[in-house]
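Visitor: Okay, here's what each chain looks like letter by letter:
There are 2 protein chains.
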Amino acid sequence: MQFHHHGYVSQDPRVLPAAGTGIDRPAELPDEMDVLIVGSGPAGMLLAAQLSQFPDVTTRIIERRDGRLPLGQADGIQPRSVETFQAFGFAERIVAEAYNIGWMNFWGPDPQNPQNIVRTSRTEDYGLKISEFPHLIVNQARVLDYFADAAHNGPGRIVPDYGVEFLGLTVRDGEYPVEVRVRYTAGARSGEERIVRAKYVTGCDGARSRVREAIGRKHLGGISAHAWGVMDIMVNTDFPDWRTKCAINSEAGNILHIPREGGYLCRVYVDLGEVAEDDNHAVRATPIEAIIAKANAILHPYTLDVKEVAWFSVYEVGHRVTDHFDDRDEDAGRAPRVFLTGDACHTHSAKAGQGMNVSMQDGFNLGWKLGSVLTGRAPASLLATYSSERQPVAQQLIDFDREWSSLMARKPEEISDPDELANYYLGTAEFPSGFMTQYGPSMITGDAGHQNLAEGFPIGKRFKSSTVSLVADGNVVHLGHHARADGRWRVYVFADAPAAGEASGVTGWAEWASSPASPFARFTPEGADVDAVFDLKVIYQQGIEGVDLNRVPDIFRPKTGPLGLTDWEKVFAAGPSVWSPTDIFAERGLSRDGAVVVVRPDQYVAHVLPLAATAELTAFLEGGFLPVR
Amino acid sequence: MQFHHHGYVSQDPRVLPAAGTGIDRPAELPDEMDVLIVGSGPAGMLLAAQLSQFPDVTTRIIERRDGRLPLGQADGIQPRSVETFQAFGFAERIVAEAYNIGWMNFWGPDPQNPQNIVRTSRTEDYGLKISEFPHLIVNQARVLDYFADAAHNGPGRIVPDYGVEFLGLTVRDGEYPVEVRVRYTAGARSGEERIVRAKYVTGCDGARSRVREAIGRKHLGGISAHAWGVMDIMVNTDFPDWRTKCAINSEAGNILHIPREGGYLCRVYVDLGEVAEDDNHAVRATPIEAIIAKANAILHPYTLDVKEVAWFSVYEVGHRVTDHFDDRDEDAGRAPRVFLTGDACHTHSAKAGQGMNVSMQDGFNLGWKLGSVLTGRAPASLLATYSSERQPVAQQLIDFDREWSSLMARKPEEISDPDELANYYLGTAEFPSGFMTQYGPSMITGDAGHQNLAEGFPIGKRFKSSTVSLVADGNVVHLGHHARADGRWRVYVFADAPAAGEASGVTGWAEWASSPASPFARFTPEGADVDAVFDLKVIYQQGIEGVDLNRVPDIFRPKTGPLGLTDWEKVFAAGPSVWSPTDIFAERGLSRDGAVVVVRPDQYVAHVLPLAATAELTAFLEGGFLPVR
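Line by line, the protein sequences give chains H and F.
Quick note: the first sequence, position 285, residue 285 per my numbering, numbers continuous.
Quick note: the second sequence, position 459, residue 459 per my numbering, numbers continuous.
Calculated directly from the structure, the hints in this document are not laboratory data.
All figures in this text were calculated on a predicted structure; none of them were measured in a lab.
Don't take each hint at face value.
No distinction is drawn between identical chains; accordingly, a pair holds when it is met within one copy or between any pair of copies.
As the list claims (entries may be wrong) - 27 Å max Cα-Cα, derived BS3-like pairs, lysine-lysine: (1) K461 to K129; (2) K464 to K294; (3) K294 to K307; (4) K559 to K218; (5) K411 to K294; (6) K559 to K307; (7) K559 to K411; (8) K294 to K559; (9) K307 to K464; (10) K218 to K294; (11) K461 to K411.
Construct the entire structure; sequences and hints are all you get.
Guide: See below:
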């Protein structure tokens, strides 16, 4: 965490000084704004937190409810989401209060006594096997709280406008082309309707999205004929795995069992079986007593003595995805003005624990793009990449969830290999961890021509961090964790073999990068900190003793803030130290001839290039940026 | 973190429900209170946070300043303090914003060119070598902020009464025997004097403590004739170790250099040399320019270009300790009513980074004792152990600091072995880490007769945690980190070899412990949670697969809260798992015949006994507790 360089910080350094629209931000929803976020779920709140880092952009977030979400809804947090929380600055807090999934256990009918269940396997959870971040369970309400803090503590000082409902929108011409009808649902103006105007609108308003409806996008797919009851309960029980995540497959049906944060609460997904065609959603009226009775039947010979039901719901599994995630009109040549995220454009079962996670990544993908376009850093065409990147991810999710749900919903007699579910769980771990997303080539994702220079940083996938030593203080740090969700691009310059200051590829690269004609200069606004758009870091192959800071090119020791203070946190050593055995060059398959790895603000690898390929790097960046000088 | 068992928690689980005096706590300082804390420094604020866990006790904390500390003062955080922060629930937050000390480097005159300094050694810092907690640097102001949060978020809802100055006190008779004169220094009542009355007063009011003066205790020792300038500065420099902790010994003098949180600020202690006998504190008027000039001379050939001075001060090293840390009057047979903590009873140089840390441990030692006596759990005689335990620690600190300061203040020609300072630094690491404190036998610290059953948990030293698996969810956790600073005692029952439920020492112990005649029952108030005073945990030698929770004695699966919910977090497995190779029995030298390790609320090991020694355990507990049924 870096601070003090823009003035001494006495209080919480996570609270950044208000700037731009964050200074004297009006309490009342204004008539005009740059971005209107509809809905304060995971995607909407992440967007608010992200756009708070762009305080020159006016962002408002409306929510029909008159306050924060108190209860229920999603709770599965994949490692990629924890990685995202790290970028937003609150991973350590949420980890401290969440349930950590260490194991997933599988139960099935006892072959000797099939009306009883027995544990068929213990499976280590994939979380810490696949990333440095864990796999957690914590109430969506708390995730939203942390994003709300991040939004409010950012320079944009964004807080949700609670008690304001979206009614409809029309896209017209002009500076604020999206005309939005809203209605107050709470407070002094309750019932009043208003028109407000925005440059862009994001529909983060859930499965029954009115924004989706307003732009005429269709949810394709159907509701399956399978119903599940879900309950957050506190019980006494003799079921020994009550505090372990379990998939339970019994003659009486199936349970997906999820222990929750705090040590007492658990979430139980109870299979309510096939729904008759003429059911007409009558299953949704299943009483809690019936769900509890079914759970007891499934868990036989164990029993649940339910002491409190904190929340419950019944739903039918739907698998639907919207055709486009924006309102583009290619025939009319109109760029998108309205975007859909999360459940508004993809719905599926809750059981793979994916919904909130994929929704947040929708928001993470879109946020920096809106911020970049609205601050003049990037062309408006950048916004079209949102739908083209996220729609295939949603389709993957639907396909995965359909397979996982049907595996989970099988009857015991349909299961030949009792380890099949466990094997599927582990074998597919990269997907539910959130790390399988790979964006295809575009204006912001390069081609794989030089991928061999950095095999461990696949272009289009998220930058998988590894440890290095910060030369200035010798501390072992995760290189990727320095990257905060501040809308900046990262350029990691992995040096060739010569030591700092010697004639080398990296010395030449630094000379090129320092010239006023370099893209870094041209795409960074006059008067801004030199690293306001591109955060350049160098990683030498030597250990800390082998890097003489006074010989490192100046561009990696830039002067920053009003005092022009040296930034000491851009020069790293890969060589192992007493504190860490890791060499990132070996860990990530980096060429000893060096490589430049360009990473987007949402942590996805945009490009890998040789040190000498400065023209190629320039050409690539010219595709995604606008000159600001 | 355990929650939900006293009602569903939707918001931050660190905010406990208000209780007792925390409900409708008056904003104005009342006329009468149980505890009056004078001063909101590290000891005072820790006391407030601790006593907030005893909401039946009325606690107020007065501070002459009209608000929080903004700047300056202490910044060194030893691992024991981070361990303490963990118990108060904020370690992960402060670690995330602090400077982590990975190395301490030593510089001395270049033998070839003695007016220049050269690096003579790099020494790994002791922090992570000696404990699972790091050695940090962070502004005292932030430490106080976190304790303020803990005090306010505890059930007692304690907030400081800023702008109230202590004038004097008289100890009389009656229920609230300490009569205290205070004066408002800010706000509407500024200038007004008042008399308030307390059962106990703690003087946490610094080196010039008026509480110390009021009880007639004397600070013994003197001010040395050596002066130091200290400055928090932001600079540009070519000194390559500017972001590494260093001891610099040069022909021009000495510097202790401490990088600070945030990546830009550093603290520099500059040796200002011997002070003439007739100086009469004139050295304290040394201007900042002179300190900077001296620093530049010491760092030659490197230079500092100072861009901003955030804070500076000049002080003369004093080494003083007060004879008793309370107002006991053994001749009159009067038990203590007034206590001194921190700088009020021990002062020394700042350079070993100890002051704030030892002060906090003073507070941690005293807080639970006050809470226990005031809630009727313990006899008033417990309070006399505060001074008898902490006074020797202060004397150790003075001795250590005197040696370290004189080593640091030597001239180059006095140094024969350039590694001597580095070796001393590492060789004595247990002391500055905060782990060398060992309390002698008393009513709350047993004798070492059975120490051989648990060699790794020395009686009288703090409980050094190690990892175990929580059987209920298979997560690998630090056994000691479950212990929060909630005023409860911990009883760790390390099982003998048989599996749970089989006839064994631990099964017998549990039977004894469950009887209404056991000390756990007798010393726990009627109507309170069964573990409100004693938190009993069992650690089996098996792995998680080898512990059948349904066969573990009920006392380790107690029912808790108004719903009577099973607490799943008291049964642990020592056997290694895929997530951890550690076996706590091997790591801590525990007898395979089992052992009972009793740990005080301030994390110090109170006793080690065999499973069979239930009579001895009863006798020991009867010394420190009062029957409440």
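Visitor: Work down the list of hints and note, for each, if the structure agrees.
Guide: We went through each hint and held it up to the structure:
1. K461 to K129: within (18 Å within a copy, 36 Å between copies)
2. K464 to K294: neither (43 Å within a copy, 46 Å between copies)
3. K294 to K307: The answer is within: 16 Å in one copy meets 27 Å, while 70 Å across copies does not.
4. K559 to K218: neither (51 Å within a copy, 52 Å between copies)
5. K411 to K294: Only inside one copy: K411 and K294 sit 15 Å apart there, 81 Å across copies, limit 27 Å.
6. K559 to K307: Answer is between: at 12 Å across copies they meet the 27 Å cutoff, but 61 Å inside does not.
7. K559 to K411: neither (65 Å within a copy, 36 Å between copies)
8. K294 to K559: Answer is between; shortest inter-copy Cα gap is 25 Å, intra-copy 65 Å.
9. K307 to K464: neither (44 Å within a copy, 37 Å between copies)
10. K218 to K294: neither (36 Å within a copy, 73 Å between copies)
11. K461 to K411: neither (37 Å within a copy, 57 Å between copies)
Hints 2, 4, 7, 9, 10, 11 from the list above are not met by this structure, while the remaining hints are.
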